[in-house]
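Participant: Residue numbers (my numbering), protein chains in the order written: chain S, 1 to 114; chain L, 1 to 115.
Simulated from the structure, these hints should not be mistaken for lab results. One or more of the hints may lead you astray.
As the list claims (entries may be wrong) - In silico DSS-like pairs for lysine-lysine, Cα to Cα no more than 27 Å straight-line:
1. L:57 / L:71
2. L:71 / L:107
3. L:107 / S:9
4. L:1 / S:44
5. L:57 / S:57
6. L:107 / S:44
7. S:44 / S:57
8. L:1 / S:57
9. S:44 / L:71
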Amino acid sequence: NAGVTQTPKFRILKIGQSMTLQCAQDMNHNYMYWYRQDPGMGLKLIYYSVGAGITDKGEVPNGYNVSRSTTEDFPLRLELAAPSQTSVYFCASSYEQATSYEQYFGPGTRLTVT
Amino acid sequence: KNQVEQSPQSLIILEGKNCTLQCNYTVSPFSNLRWYKQDTGRGPVSLTIMTFSENTKSNGRYTATLDADTKQSSLHITASQLSDSASYICVVSPYSGGGADGLTFGKGTHLIIQP
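With these hints in hand, go ahead and build the complete structure from the sequences.
Facilitator: Laid out in C-alpha cells, this is it:
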C-alpha cells in the first residue's frame, strides 16, 4: 500500500494564479481531509469528506474548493492564490470519522505564493 | 473554545538522554488523545492513541501518560536517538461517534537530539 500520496511536493505560485493539489489514498478509507500547517501553528482543517460525493467545510475554507468523485481521490483547488495561502498542505484519511479512528497523513505539499 | 497547549516549544538534549514533553488541554467532553511524530518535511505519523480510561500507553521507547482529571498528558522518550529529532504533536478529540472535524491540534514541541 502506498498509503496517502500527494502531488506536487513543492510549488511556487504568483498572486492570482490557480492550482490543484492532488491527494490519493489506497486504503479504501471513507473519510478524507485537507489541512494547512503554518509555521509555529497547529494544523487547521480546510475541508473534509465523509465519502464520494460528500464534502464539508472545516475551520478555514475560504479561498479553497474540493471535490470527491471517487473514494480514492480528494483534490484541493486554490482559486486566485493569495500570499496568505503560503503554507504546507497535508491530506489525510481515516476509515471512519477522525474523532474515533486513526488518521493517516500524506507527505505534504509546500506552497509559496508570491 | 477547545485548546491544546504543548510545552516546551522546543527542546535540545544529548543522544541517549531521556526527555518528557507536556500537553495540557481544555477539550470537553473528552474522548481520546493522540501523540504524533512529524519528521522535517514529512506528514505526522501516529505514535499512540489513548482513550479517557487509559492512563499509560507505550510504543517502543515512547510512553504516553494521561490524567483525564487534570487534563494533562505527557510523552516520555527513553534513551533518545538521533532519529527522534522531530516535532511531536498532541491532538485531542472531543467526543467519539460523531463529527469528522472535531480534532484539536497542538502547535507541537520541536525536539533536537544532539550527538
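Participant: For each hint, tell me whether it holds in the structure or not.
Facilitator: Status of each hint after checking the structure:
A C-alpha spacing of about 16 Å is found between residue 57 of chain L and residue 71 of chain L, which places the hinted pair at or below 27 Å, so the restraint holds. Our distance criterion of 27 Å between C-alpha atoms is met by residue 71 of chain L and residue 107 of chain L, whose separation comes to about 17 Å. This hinted pair checks out: residue 107 of chain L and residue 9 of chain S have alpha carbons roughly 22 Å apart, not beyond 27 Å. Only pairs whose Cα atoms come within 27 Å are accepted, and residue 1 of chain L paired with residue 44 of chain S is accepted, the gap being roughly 15 Å.
A C-alpha spacing of about 33 Å is found between residue 57 of chain L and residue 57 of chain S, which places the hinted pair above 27 Å, so the restraint is violated. With a C-alpha separation of about 10 Å, the suggested pairing of residue 107 of chain L with residue 44 of chain S holds against the 27 Å cut-off. For the hint linking residue 44 of chain S to residue 57 of chain S, the alpha-carbon distance of about 11 Å falls within 27 Å, and the restraint holds. Distance hint between residue 1 of chain L and residue 57 of chain S is fulfilled; the C-alpha atoms sit about 18 Å from each other, no more than 27 Å.
Our distance criterion of 27 Å between C-alpha atoms is met by residue 44 of chain S and residue 71 of chain L, whose separation comes to about 22 Å.
Violation of the numbered hints given earlier is confined to hint 5; every other hint is satisfied by the structure.
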